[in-house]
Amino acid sequence: MQYTFEQYQQSADAIRAKIGSFQPKVAMILGSGLGYMGDVVENAVAVPYGEIPYFKVSTAPGHKGQLVFGILEGQPVAVMQGRMHHYEGYSYEEVAYAVRVLRLLGCDTLIVTNAAGCVNMDWKAGDLMLITDHIKIFMESPLRGENLPQFGVRFPDASHLYTPALRDLARKAAGELGIELKEGVYMYFPGPQYETPAEVRFARIAGADAVGMSTAPEVITAGHCGMQVLGFTLLSNMAAGILDQPLSEEEVLEAAAACRDKFSRLVLACLKQIG
Numbered sequence: 027m028q029y030t031f032e033q034y035q036q037s038a039d040a041i042r043a044k045i046g047s048f049q050p051k052v053a054m055i056l057g058s059g060l061g062y063m064g065d066v067v068e069n070a071v072a073v074p075y076g077e078i079p080y081f082k083v084s085t086a087p088g089h090k091g092q093l094v095f096g097i098l099e100g101q102p103v104a105v106m107q108g109r110m111h112h113y114e115g116y117s118y119e120e121v122a123y124a125v126r127v128l129r130l131l132g133c134d135t136l137i138v139t140n141a142a143g144c145v146n147m148d149w150k151a152g153d154l155m156l157i158t159d160h161i162k163i164f165m166e167s168p169l170r171g172e173n174l175p176q177f178g179v180r181f182p183d184a185s186h187l188y189t190p191a192l193r194d195l196a197r198k199a200a201g202e203l204g205i206e207l208k209e210g211v212y213m214y215f216p217g218p219q220y221e222t223p224a225e226v227r228f229a230r231i232a233g234a235d236a237v238g239m240s241t242a243p244e245v246i247t248a249g250h251c252g253m254q255v256l257g258f259t260l261l262s263n264m265a266a267g268i269l270d271q272p273l274s275e276e277e278v279l280e281a282a283a284a285c286r287d288k289f290s291r292l293v294l295a296c297l298k299q300i301g
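First residue of the sequence shown: 27, per our numbering; consecutive thereafter.
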C-alpha cells in the first residue's frame with residue numbers, strides 16, 4: 027500500500043485529539059522485552075495502536091502495542107511499546123509508518139532499541155552495543171514508491187543515519203555510569219526464522235557485529251524525514267552456529283529482563299542529556 031501524506035496527517039490528528047496540546051520531541055521505539063521503559067513515563071497518556079487510523083497492530087512476543095506520551099527525564103517523549111515487523115506480514119512502509127506520524131507530531135529525535143543475536147565472537151550475550159551503522163540488503167526500502175516531499179528528498183543520503191553527536195553523547199553517558207558499551211554494525215534479516223549458521227558467517231564477513239529482524243526500516247525512514255537517531259542493541263544471545271544450541275524467544279526475553287537495570291540507566295542518561 028502507498029500511503030498519502032493526508033493519511034499520515036489523519037493519524038497524527040487522531041493522536042492529537044487524545045494528547046491535547048502536548049508535543050513530544052523524542053520518539054522511542056522499544057524492542058523485544060524492553061517495553062518497560064514506557065511504564066515509567068510521568069503524566070502518561072497511552073494510545074493503543076488499534077485506536078490510531080492506519081496503524082498496524084504489533085503481534086510480537088513482549089510488545090504491548092501502544093504509544094505512551096508524557097515526560098521522561100524531563101523530556102517530552104513518545105514511547106512505542108512494541109514495533110511492527112515485516113515478518114508479521116506488513117510491508118516496510120507499514121513497518122515504518124509510525125515514524126512519519128511521530129515526526130508530524132513534533133519528534134525530531136529517535137531513540138531505537140532492539141534485542142539481537144551477537145555475531146562478534148569477541149563479545150558475549152548480555153553486552154550492550156551502540157549501533158554505528160547498519161546493513162540492509164534484503165528486499166525493498168520503506169521509501170519505495172512515490173516520494174512524499176513533505177518528509178524528504180527522493181534520494182536521501184545514508185552516510186550518517188545514526189547521528190555522530192548522539193553516539194558521542196552515549197559514549198560519555200556509558201563512561202560516567204561505568205557501563206561497558208560495545209560499538210558495532212547491526213545487520214537486518216527479515217525473519218521470522220532465526221538466521222542460519224551460514225548466514226551468520228556471511229554477516230560476519232560483511233562486517234556485522236549483530237543480526238536482527240527490526241530497526242533498519244524505521245531508521246531509514248527517520249533519516250529521510252530529518253530526524254536524529256540514537257540506536258542501541260541488547261546482545262541477547264550468541265547468533266546461530268556460534269554455540270551448539272538452538273535459539274528461542276524465551277532466551278531473548280530472559281536476557282532483556284536480566285539487563286533491565288543496566289539498559290534503563292544508559293538510555294535514561296542519554297535521554298536526559300539530549301535536551
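Source of the hints: derived by calculation from the structure; they are not laboratory data. Predicted model only: the values in this text are computed from it and were never measured. Heads up, the beta-carbon is just placed ideally off N, CA and C, and yes, glycines get one too. Do not take every clue at face value.
Unchecked claim - What follows is a list of derived Cβ distance ranges for each label pair: (1) G132 with Y62: 32 to 40 Å; (2) G301 with I45: 37 to 45 Å; (3) G217 with A284: 34 to 42 Å; (4) E209 with R170: 38 to 46 Å; (5) V83 with N173: 39 to 47 Å.
Unchecked claim - Distance condition first, Cα-Cα at most 20 Å in a straight line; then the derived DMTMM-like pairs of lysine to aspartate or glutamate: (6) K162 with D65; (7) K51 with D65; (8) K288 with E202; (9) K51 with E68.
Hints and how they fare:
{"no.": "1", "hint": "G132 with Y62: 32 to 40 Å", "verdict": "violated (25 Å)"}
{"no.": "2", "hint": "G301 with I45: 37 to 45 Å", "verdict": "violated (19 Å)"}
{"no.": "3", "hint": "G217 with A284: 34 to 42 Å", "verdict": "violated (23 Å)"}
{"no.": "4", "hint": "E209 with R170: 38 to 46 Å", "verdict": "violated (30 Å)"}
{"no.": "5", "hint": "V83 with N173: 39 to 47 Å", "verdict": "violated (27 Å)"}
{"no.": "6", "hint": "K162 with D65", "verdict": "violated (31 Å)"}
{"no.": "7", "hint": "K51 with D65", "verdict": "holds (18 Å)"}
{"no.": "8", "hint": "K288 with E202", "verdict": "holds (13 Å)"}
{"no.": "9", "hint": "K51 with E68", "verdict": "holds (15 Å)"}
Taken one by one, the earlier hints fail for this structure at numbers 1, 2, 3, 4, 5 and 6, listed in ascending order.
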